[in-house]
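With the hints as extra help, turn the sequences into a complete structure.
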Amino acid sequence: MPLSPPEPREHIHTRDIACTGYRREDGLWDIEGHLTDTKTYPFSNDERGEIGPGVPVHEMWIRLTVTDDLEIKDVEAVTDFSPFTICREIAPNFKRLIGLRMGPGWRKKALAKIGGVEGCTHIVELLGPVATTAFQTIMPIKNREQVEPKTQSNKAPRLLNTCHAFRSDGPKAKQFWPKFYDGPEA
0 MPLSPPEPRE HIHTRDIACT GYRREDGLWD IEGHLTDTKT YPFSNDERGE IGPGVPVHEM
60 WIRLTVTDDL EIKDVEAVTD FSPFTICREI APNFKRLIGL RMGPGWRKKA LAKIGGVEGC
120 THIVELLGPV ATTAFQTIMP IKNREQVEPK TQSNKAPRLL NTCHAFRSDG PKAKQFWPKF
180 YDGPEA
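Residue numbers (numbering that gives the first Met the number 0): 0 to 185.
Just to be clear, a hint being listed does not mean it is correct.
Below, simulated DSBU-like cross-link-like pairs (lysine-lysine); rule was C-alpha separation at most 30 Å, straight line [what the hints assert, rightly or not]:
no.: 1; residue 1: Lys72; residue 2: Lys94
no.: 2; residue 1: Lys171; residue 2: Lys141
no.: 3; residue 1: Lys108; residue 2: Lys72
no.: 4; residue 1: Lys72; residue 2: Lys107
no.: 5; residue 1: Lys72; residue 2: Lys178
no.: 6; residue 1: Lys178; residue 2: Lys141
no.: 7; residue 1: Lys141; residue 2: Lys154
no.: 8; residue 1: Lys141; residue 2: Lys94
If you are wondering where the hints come from, they were derived from the structure by calculation, not from laboratory data.
These numbers were taken from a predicted model, which means no experiment stands behind them.
Below is the structure:
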């Protein structure tokens, strides 16, 4: 069991986020994010009337079409359900992400283009998991398809120091990237 047994409680709200990566026949990649928010009880909404249990309060999608190097070539954002019809109007702004590259500084650059009143909070929140999904989709395939073995580089691997497991003084850095390992030699 991933978590310890909880105290007695009542289920109120669910946010589901699913991200999926696809390889396209034209050599590009589609990375899709899907978000839904549902409640377990009915409630009233100014525009939609009563929203029943399990009916999405929010349901949004984003698709980023990217290159092998994670450069965004196209974007489509859709709002199927939202509290207000006006929410759908902002979807075209997400095209502003075209030309950006997912990597260091990605979130800051994206927010400069579609943050605050220029975007939708919920679709913007999908950009983090979508970027991770892009990396997880593309990099293993590109590494597997690499014909020539990688030459030793003086450049640190992209994953080094990105998390506890890949810290430069840890056992995985010593195993995978001994050249960049800086922990004890014991």
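Hint by hint, here is what the structure shows:
Our distance criterion of 30 Å between C-alpha atoms is met by Lys72 and Lys94, whose separation comes to about 9 Å. A threshold of 30 Å between alpha carbons decides the hint, and for Lys171 with Lys141 the separation of about 21 Å falls inside it, so the pair holds. As the CA atoms of Lys108 and Lys72 are separated by approximately 16 Å, the hinted pair is consistent with the 30 Å bound. For the proposed pair Lys72 and Lys107, the alpha carbon gap of about 19 Å is at most 30 Å, so the pair holds.
A hinted pair counts as satisfied when its Cα atoms are at most 30 Å apart, and Lys72 with Lys178 does not qualify at roughly 35 Å. With a C-alpha separation of about 23 Å, the suggested pair Lys178 and Lys141 falls inside the 30 Å cut-off, and the hint holds. Taken as a hint, the Lys141 and Lys154 pair is honoured in the structure, with Cα atoms around 18 Å apart against an allowance of 30 Å. Taking the CA atoms of Lys141 and Lys94, the gap is near 26 Å; set against the 30 Å cutoff, the hint holds.
In this structure, the one hint that does not hold is number 5.
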